[in-house]
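As a plain string of letters, each chain reads:
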Amino acid sequence: MSASSEPLIHLDNVKKVFFTDEVETHALSGTFLDIKTGEYVSITGPSGCGKSTLLSILGLLDSPTEGKYFLNGKPVSDLSLAERAQIRNREVGFIFQSFNLIGDLTVYENVELPLTYRGMSSSERKKRVGEALEKVGMAHRAKHLPSQLSGGQQQRVAVARAVAGQPLILLADEPTGNLDSTNGEAVMGLLRDLHRGGATICMVTHDPRYAKYADRAIHLFDGRVVKEEELEAA
Amino acid sequence: MRSLLYDIRFGARMLFKNPGLTVVAVLALALGIGANTTIFSCINALLLRPFAFPHADRSVMLWEAMPQSGIKRGSVAPANFYDVRRENTVFEEMSVSSGWGANLTGGDRPERITGAAVSPQFFTLLGVETIRGRTFTPEEERPGSTPVVILSDGLWERRFGRDESILGKTIPINNRQFEVVGIMPRSFSYPRGGTEIWTTFVFEDDDIKDRDSHYLRVIARLKPGVTREQAAGEMGVLAGRFAEAYPDSNAGRHFIVEGLVESETMGPRPYLLLLLGAVGFVLLIACANVANLLLLRGAARAKEMAIRTAMGASRWRIVRQLLTESVLLALLGGAAGLLLAVWAVDAIAVSIPANFARMISGWENMYIDWRVFAFTLGVSLLTGIIFGLVPALQASKTDLNEALKEGGRRSGGDSRSRLRGALVIAEVALSLVLLVGAGLVVKSFIALANADPGFDTARLLTMELTLPRLKYEQPEQRRQFFEAWQRNAEAIPGVANAGVISSVPLSWNNNSAFFRIEGRPAPPPGQELLSNLRVANPEYFRVIQIPLKQGRMIEARDTADAPPVAVVSAQMAEKFFPGEDPVGKRLLFGEEGKPTEIVGVIGDVRQEPFTDNMGNEPEPTIYLPYAQSPWNSMTLVARAAPGSDATQLVAPVQSAVQAVDKDQPVYNVRTMTQIMSETMAPQRISSVMFAGFALIALLLATVGIYAVISYSVAQRTHEIGVRMALGAQARDILRLVVGQGLKLIFTGVVLGLLGAFGVTRLMSSILFGVSTTDVVTFVGIPALLSTIAFLACYIPARRAARVDPMVALRYE
Chain A
986 MSASSEPLIH
996 LDNVKKVFFT
1006 DEVETHALSG
1016 TFLDIKTGEY
1026 VSITGPSGCG
1036 KSTLLSILGL
1046 LDSPTEGKYF
1056 LNGKPVSDLS
1066 LAERAQIRNR
1076 EVGFIFQSFN
1086 LIGDLTVYEN
1096 VELPLTYRGM
1106 SSSERKKRVG
1116 EALEKVGMAH
1126 RAKHLPSQLS
1136 GGQQQRVAVA
1146 RAVAGQPLIL
1156 LADEPTGNLD
1166 STNGEAVMGL
1176 LRDLHRGGAT
1186 ICMVTHDPRY
1196 AKYADRAIHL
1206 FDGRVVKEEE
1216 LEAA
Chain B
49 MRSLLYDIRF
59 GARMLFKNPG
69 LTVVAVLALA
79 LGIGANTTIF
89 SCINALLLRP
99 FAFPHADRSV
109 MLWEAMPQSG
119 IKRGSVAPAN
129 FYDVRRENTV
139 FEEMSVSSGW
149 GANLTGGDRP
159 ERITGAAVSP
169 QFFTLLGVET
179 IRGRTFTPEE
189 ERPGSTPVVI
199 LSDGLWERRF
209 GRDESILGKT
219 IPINNRQFEV
229 VGIMPRSFSY
239 PRGGTEIWTT
249 FVFEDDDIKD
259 RDSHYLRVIA
269 RLKPGVTREQ
279 AAGEMGVLAG
289 RFAEAYPDSN
299 AGRHFIVEGL
309 VESETMGPRP
319 YLLLLLGAVG
329 FVLLIACANV
339 ANLLLLRGAA
349 RAKEMAIRTA
359 MGASRWRIVR
369 QLLTESVLLA
379 LLGGAAGLLL
389 AVWAVDAIAV
399 SIPANFARMI
409 SGWENMYIDW
419 RVFAFTLGVS
429 LLTGIIFGLV
439 PALQASKTDL
449 NEALKEGGRR
459 SGGDSRSRLR
469 GALVIAEVAL
479 SLVLLVGAGL
489 VVKSFIALAN
499 ADPGFDTARL
509 LTMELTLPRL
519 KYEQPEQRRQ
529 FFEAWQRNAE
539 AIPGVANAGV
549 ISSVPLSWNN
559 NSAFFRIEGR
569 PAPPPGQELL
579 SNLRVANPEY
589 FRVIQIPLKQ
599 GRMIEARDTA
609 DAPPVAVVSA
619 QMAEKFFPGE
629 DPVGKRLLFG
639 EEGKPTEIVG
649 VIGDVRQEPF
659 TDNMGNEPEP
669 TIYLPYAQSP
679 WNSMTLVARA
689 APGSDATQLV
699 APVQSAVQAV
709 DKDQPVYNVR
719 TMTQIMSETM
729 APQRISSVMF
739 AGFALIALLL
749 ATVGIYAVIS
759 YSVAQRTHEI
769 GVRMALGAQA
779 RDILRLVVGQ
789 GLKLIFTGVV
799 LGLLGAFGVT
809 RLMSSILFGV
819 STTDVVTFVG
829 IPALLSTIAF
839 LACYIPARRA
849 ARVDPMVALR
859 YE
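Protein chains in written order, with the working numbering: chain A, 986 to 1219; chain B, 49 to 860.
If we strip away everything but chain A, and leave its shape as in the complex, we get (with noise of 0.2 Å):
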């Protein structure tokens, strides 16, 4: 799928200072960056490069020190608390690195968990949550708990929960880092069908082969991008 022409996400010279002990500590320093609605984007770079803190900046877990940020044409960095979660629940998907999912919960509960909050009825969110699980292929497992599931089972159920509200943009914070290969390489597989499926994804990585699934990578270093690079599709 190709992207369009309008950026989903447009940064200018997005900043952010960390102030620890009175040491300031330079994440991001003056970053630009567009993310295209259906484009898929890898952001990769060597640890402490601000890989995550630009992973939360895009999702709206943190503000820029400095800068804009504009998603879906609109500037986010100056908005409440309540409507930034209000954002994260109706605009972004996460997919965390050791899934986070809520152990209490089954599966199905977890995937329905950011739609009871945006207060859904109760049918919406069943006929949501079939659907997403049945794209990752864990219908079966709905009745399941999170501990009764593999590493990848469970990453799986974190891209429906993911996926499950349609969000805008899925970000995706290193999906493949507390998984074996052959997991590993069936998340990937599933958020590129998501992506041929037409969502827009942002995944940080320092995995180079899996970076390569993606249309666009991204290299930071020390806070800024330093290269750019469109690729083939893997």
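These are calculated hints, taken from the structure and not from any lab test.
Do not take every clue at face value.
[Claimed, not checked] Label-pair restraints from in silico Cβ distances: (1) A/F1055 x B/K791: 38 to 46 Å; (2) B/E352 x A/Q1133: 42 to 50 Å; (3) A/E1116 x B/H766: 26 to 34 Å; (4) B/H766 x A/S1107: 37 to 45 Å.
Model, not experiment: these values are computed from the prediction.
Glycine included, each C-beta is placed from N, C-alpha and C at the ideal position.
Assemble the complex: chain A is given as a structure, and chain B must be docked to it using the hints.
What follows is chain B alone, placed relative to chain A:
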């Protein structure tokens, strides 16, 4: 042994290592154990060893009862006592006692001494001996024998300066000379708290045949091997035999055999047992609280336990080590609780006036002795095991592989969290039961304090006096005495009015009489009509301001020579003259008494203390004019003028007595406010204590809920971060955390309400003016508890709602 010392040393180190947990746990235990020690001190003093004599355990009291006339437990007639003593086979020894008002003269001032007239066997029966001189001999109860007395140690010291030569000397009492034959030890004051002098009961021949006057308290000692039940069985046979032989006096009468201590401690027993239950709840709540803290600490020490297990420690070894720590904690809590109890027991001991306290058997024993210390030690050890065992078993169940792999980061399994939840539910439920109970007791006390006694209690001064029979043998002498006092008293500046009555309302004194109603058939034997009986002069009714309902009051025209008249209480009219006009009806007292015409009906007053008449209707009462029934023992009542203080009238009113007879002492000098305060002392003390214990329970439960929810929030920080990353708003997190707490709270409240419905039924005998299922209490208390518990959840929930969603990534 060496390993135990190691456990103790290591346990002490762990307590110091976690000072926060140690301090909170010790405080919780101190409150729980301290409350139990306090109440046990009271029980020890008032129920377990109220009397310092050796044979108390085998001694019983014998009472007469006549249920169909409303006498549930009454004194014994002399003839019945003599018959039982002669015919029984179950008692080793029997003795009687009766109150004896001793007007001691001869010194600087006359003094009224609380005394007792007893059988010579009284002291040997109880197993007590004099510290000087001897007890009474059988000859000294015979008519015509030399009057003798035994002094208490206190009276000997106060009045005679411990003069050793007092033995053998005579002292003037009630216008007679009594020879002092012995001194009792300081600890002995039986049969009535505060008794300071004993004399012998001298029965004349007529007395021994008397079956109609019931005034003897009978004590007996069971023969070895005889049980109380066997004695009661034989008394039943004897009562049946006496009823056949003397149907006029004994039909419908039977005997009750009660343990001496049980019988004498009937008053405080229900309150103390209730409070014992309350502090038991407090201790359980404290245990649940500390168990929860230990479960949390056990979770944090999972890795330590795993390492110990990996090093070869058995499960029992780990349980033992953890139990040693919890017992150390409990002993610290017990020591702190003992200190709290010392303070609390001192506070209770001085919570009622000393002159009232000395009337309560065992009150002087209200202190921490070795029994209380042993109790505290035992409770501490038991408590340590109770709250320590489950956390120790849980901690020893650590999954070795998991714990070592997780580096001790994870908190433990679902079973631990379920257990913590169950403990919180238990705390809430127990607190609710206690709070509802306290609510009812406090409400009952408020109702009692506000109850209408039926007369104006303001600015009333009362004092009792007993005119010696020898000096005031003639009725006219007694009438003249009180008339003269009346004139003197009313002339005192600040006295609004004054009068006399045989026993003042709300006092512990009572007289009653059987009567018949003219024109009606005599009731069958055993079902005689019974009413309270009072003797008062006309002025008394003006002083006390009891409203007239019908007819007229007792008036000055009701002289000794005038036709006998009476006024009756509204309850008397209602009970014995339902649907009839009692005025004009005539009452008959005794076999040959003149008919007494009812001339008026007046309002009811609560004659018996509230404590003895809890929740019941006022008893029927007949009032006779003093001029027609001039008794020796009367109570003087004076009302201070508006703006004056009744206590300022004590000296002038006493002087008004001494102006008539300088040797006439007065006693029980009290204002009506004091009488009411003394009357309500059991309720006041128990409601204050109950409320205090309930507040402690509420505090402990609140801390328990807060700790569990806080810990849960800390454990779920990452999960909360994930939820927020997925778009949860702060209100969603608040709802999640508070909801978790509310589930526990509401489960506890429901269980607590069920428990409260059951437990409060047991409290009906001590409640006044409030139902055991009082709606306000049963709705208000759960609402209050839920609100406070909600706040205990809300604070950690607020903290949870501020979790940075970044933790979802940081946890990576």
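**OP:** Please write out, lowest number first, the hints stated earlier that are contradicted by the structure.
**Re:** 2, 4
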